[in-house]
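Visitor: Here is how the chains run, residue by residue.
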Amino acid sequence: MTPAEGTSSAASDPPGGPATAPRFAPGARVHVKDDWPERRGPCHIRTPHYLRGRTGTVQRVLGSFPNPEDLAFARPAPKRVLYHVLFEQPPIWNEGRPGDEILVEIFEHWLEPADAAKEAA
Amino acid sequence: MSPPARRDSLEKLEKLIAALKAKGIITEEELAERQAQTDRASPETGARMVARAWLDPEWRALLLRDGTAAAEAMGVSMAGAPPLGVLEDTPQRHHLIVCTLCSCYPRAVLGYPPHWYKSFAYRSRAVRDPRGVLAEWGTVLPEGMEIRVVDSTADYRWMVLPMRPPGTEGWSEDQLAAIVTRDVLVGVALPQVPAAAAA
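For the protein sequence lines, the chains are A and B, in the order given.
Those letters in the first sequence? Residues 1 to 121, by the numbering used here.
Those letters in the second sequence? Residues 1 to 199, by the numbering used here.
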């Protein structure tokens, strides 16, 4: 359950709210930041550890939602764009069947453009 | 089953409710209505949404475009609930829902999550070995079908729209809804047509 669940703040917004100027469009290759805030102190993160540093493809813009990393600590929580990002599953674990995939909701501040040169290498 | 609530927990809950009422944040009626809604929510709602999608292309389109609106159209109040997304299985792709971070689950249309959905074993294995997990459920996918594991990590809640199985031609919405179980809506199982009905 996210901290947002059960609050009434969503009542005044359409589900997901307007996706104001998403940085990435469907089809964009994106890199999940290889960042570990949990090493720096108490935090609440909705980006699974197994995807940090991985590259995927934006499948869909899901809308804008108050940042759960702030909500969890009762701080003012500006809305962030939320994406559905698709990853190949086998490279993550070095096992599995080619073609299998993982689809995950990731907030925009966790994503950066994939390095095309690095990907081709 | 979970153990009964501890006496001191219940006392804290009573104090919290009293404080929320005193501040005018909730009323007794709102609390009772939300409790009733929670108790009413069951996988039968999700099953009916799927059965209708198998019969009505327009409804199917709505369900896939805006699950929240579809749930509202079924009489489920989605006010304050996370938006609902519905993912369509195809001959090439099977969806499996998990929440590796906690236990996000589309409670509004599926009710309480089963205990296994919240277990560390399911949450850690579904993303790493989805085919192994499905095999333990007795679910073997047809050759060439890929798995898309959906890790429900943030503000949406996700439900699977499975494929309508062969042998159900001419079935009513009630008949179809009866083969759409909770496990089917999460993606660990496929709809099963009883042998007698298929014969």
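Derived from the structure by calculation, the hints contain no laboratory data.
Built from N, CA and C at the ideal position, the CB exists for glycine as well.
Treat the hints with caution; some may be incorrect.
[What the hints assert, rightly or not] Partial chain B-side listing against chain A, Cβ under 7 Å, derived:
hint, residue
1, 40
2, 55
3, 145
4, 146
[What the hints assert, rightly or not] Listed next, with one range per pair, are the computed distances between beta-carbon atoms:
hint, chain 1, residue 1, chain 2, residue 2, range
5, A, 39, B, 72, 36 to 44 Å
6, A, 37, B, 34, 46 to 54 Å
7, B, 15, A, 112, 12 to 20 Å
8, B, 175, A, 36, 50 to 58 Å
9, B, 7, A, 90, 22 to 30 Å
10, B, 12, A, 97, 46 to 54 Å
11, A, 90, B, 58, 51 to 59 Å
Visitor: Next, verify each hint and record whether it holds.
Guide: To see whether the hints hold, each was checked on the structure:
Because the closest C-beta pair between residue 40/B and chain A is about 17 Å apart, greater than 7 Å, the hint is violated. For the restraint placing residue 55/B at the interface with chain A, the shortest Cβ-Cβ distance is roughly 25 Å, beyond the 7 Å limit, so the hint is violated. The beta carbon of residue 145/B is not positioned within 7 Å of any beta carbon in chain A (closest approach about 9 Å), and the interface hint is therefore violated. A hinted interface residue such as residue 146/B counts as satisfied when its beta carbon comes closer than 7 Å to some beta carbon of chain A; here the least separation is about 4 Å, so the hint holds.
Restraint check, residue 39/A to residue 72/B: a C-beta distance of roughly 43 Å satisfies the suggested window 36 to 44 Å. Separated by about 34 Å at the C-beta atoms, residue 37/A and residue 34/B break the suggested range of 46 to 54 Å. Restraint check, residue 15/B to residue 112/A: a C-beta distance of roughly 46 Å breaks the suggested window 12 to 20 Å. The beta-carbon spacing between residue 175/B and residue 36/A, approximately 51 Å, falls within the hinted interval of 50 to 58 Å.
Separation of residue 7/B from residue 90/A is about 51 Å and departs from the stated range, judged on CB atoms against 22 to 30 Å. Between residue 12/B and residue 97/A the CB atoms are about 48 Å apart, so this pair conforms to the stated range of 46 to 54 Å. Under the hint 51 to 59 Å, the C-beta atoms of residue 90/A and residue 58/B, about 38 Å apart, miss the expected range.
Hints 1, 2, 3, 6, 7, 9, 11, counting from the list given before, are not met by this structure.
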